[in-house]
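Enquirer: Spelled out, the chains give:
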Amino acid sequence: MNDIDPAWGNEETEAMRGRISPRLLEVLVCPLTHGLLRYDAAAQELISDAAKLVYPLRNGMAIMLVEEARPLEP
Amino acid sequence: MLKVDEMSTQDTHFGFEQIPLADKQARVDDVFHKVASRYDLMNDLMSAGLHRAWKDVMVAEVNPRARAGFRHLDVAGGTGDIAFRVARAGGPQTHVTVLDINGDMLDVGRERAAERGLSSQLSFVEANAEALPLPDDSFDAYTIAFGIRNVPRMELALREAWRVLKRGGRLLCLEFSQVDMPGLDRLYDVFSFKLIPAIGRVVTGDAAPYQYLVESIRRFPDPDSFAAMITSAGFQRARYTRMTGGVVALHSGWKL
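If you're matching them up, the sequences are chains A and B in order. Be aware that the first sequence starts at 908, since it is given in my numbering, and climbs by one per residue. Be aware that the second sequence starts at 286, since it is given in my numbering, and climbs by one per residue.
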């Protein structure tokens, strides 16, 4: 099949590609501040500017644990 | 109410051991890393398959068909056992967020969701029940099955549950309780303290995690005390139903 995959963009394919689902990206907030997060797709990280913390994504899984976050460098 | 910084210097329990509060999460993590792949099999063996019936009762109470676009949060349910039931019961309009502090359990759940064709209804996220990475007033229901016992600061987890639920949303908490049937209690003692760690050794190669599980069940507050904790967290109409002679209790409360 050379057609565009009709399932493109749904969570199954996102998960299979090891990427976070767009739906989850929309809903997640910083567990410390409940503020918005910025998604860095290249680095696979979620950035909380308010908490100055960077949460990692591993194989498409958001690790929203303060202990696993690294400090945001200015 | 104790503040977080006051509590951080306190001790907590890990099964029957007293340990520093800060160590509990690491010890619990270790237990679940060891058992992740065999977790559901062990549940079947330990409960003689009854855990399925208990979970079905909880999901029937969730009633995801009640509302189109039902938003459900299942905490400490990494392997997806509750989430799959809610997703199926609610149909394609229901979305379930599965949250667990343990990445191994979530990996098992994500794989199983794909096998069952349910991935589009589920999101998986690694986080702490005491500090949810989710906005206020965003879920129709919150479930936690056999998980609250393992959270070091249960009152924080309950307050977080209240925060992320919508008004009219419901908390459902399934947890081991206190056997209140004469005769069954002694049988239950033998089963849990002798047999469960032995089964754990055979199935997962390690008895220690299951020794912890059994002890932690006995340390869990009695159902009236736990219902009072649910009320303290802000919930209304806290109540519970005992099942199987008190082996488990299904607690609930509403955010009104």
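Treat the hints with care, since some could be wrong.
Said to hold, decoys possible - Listed next, the stretches of chain A that the computed footprint assigns to chain B, with coverage defined by at least 3 CB atoms under 8 Å from CB atoms of chain B:
| hint | stretch |
| --- | --- |
| 1 | 931 to 941 |
| 2 | 963 to 974 |
Said to hold, decoys possible - Across the chosen pairs, the derived CB separations fall in these ranges:
| hint | chain 1 | residue 1 | chain 2 | residue 2 | range |
| --- | --- | --- | --- | --- | --- |
| 3 | A | L939 | B | P305 | 20 to 28 Å |
| 4 | A | L939 | B | G376 | 30 to 38 Å |
| 5 | B | E396 | A | Q951 | 58 to 66 Å |
| 6 | A | E975 | B | D296 | 22 to 30 Å |
Hints listed in this document are in silico derivations from the structure and should not be mistaken for laboratory results. Virtual Cβ for every residue (Gly too), placed ideally from N, Cα, C.
Enquirer: Compare the structure with each hint and give your call.
Expert: So, going through the hints one by one against the coordinates:
Coverage of the stretch 931 to 941 of chain A by chain B holds [criterion: at least 3 residues with CB-CB distance below 8 Å; count 8]. A stretch counts as covered by a chain when three or more of its residues have a beta carbon under 8 Å from one of that chain; for the stretch 963 to 974 of chain A and chain B the count is 7, and the coverage holds. A hinted range of 20 to 28 Å for the beta carbons of L939 of chain A and P305 of chain B is consistent with their spacing of about 22 Å. At about 35 Å, the beta-carbon gap between L939 of chain A and G376 of chain B stays in the expected band of 30 to 38 Å.
Here the CB-CB span from E396 of chain B to Q951 of chain A is close to 20 Å, at odds with the stated 58 to 66 Å. E975 of chain A and D296 of chain B have their C-beta atoms about 25 Å apart, which keeps the hinted 22 to 30 Å range intact.
Checked against the numbered hints above, the structure violates only hint 5.
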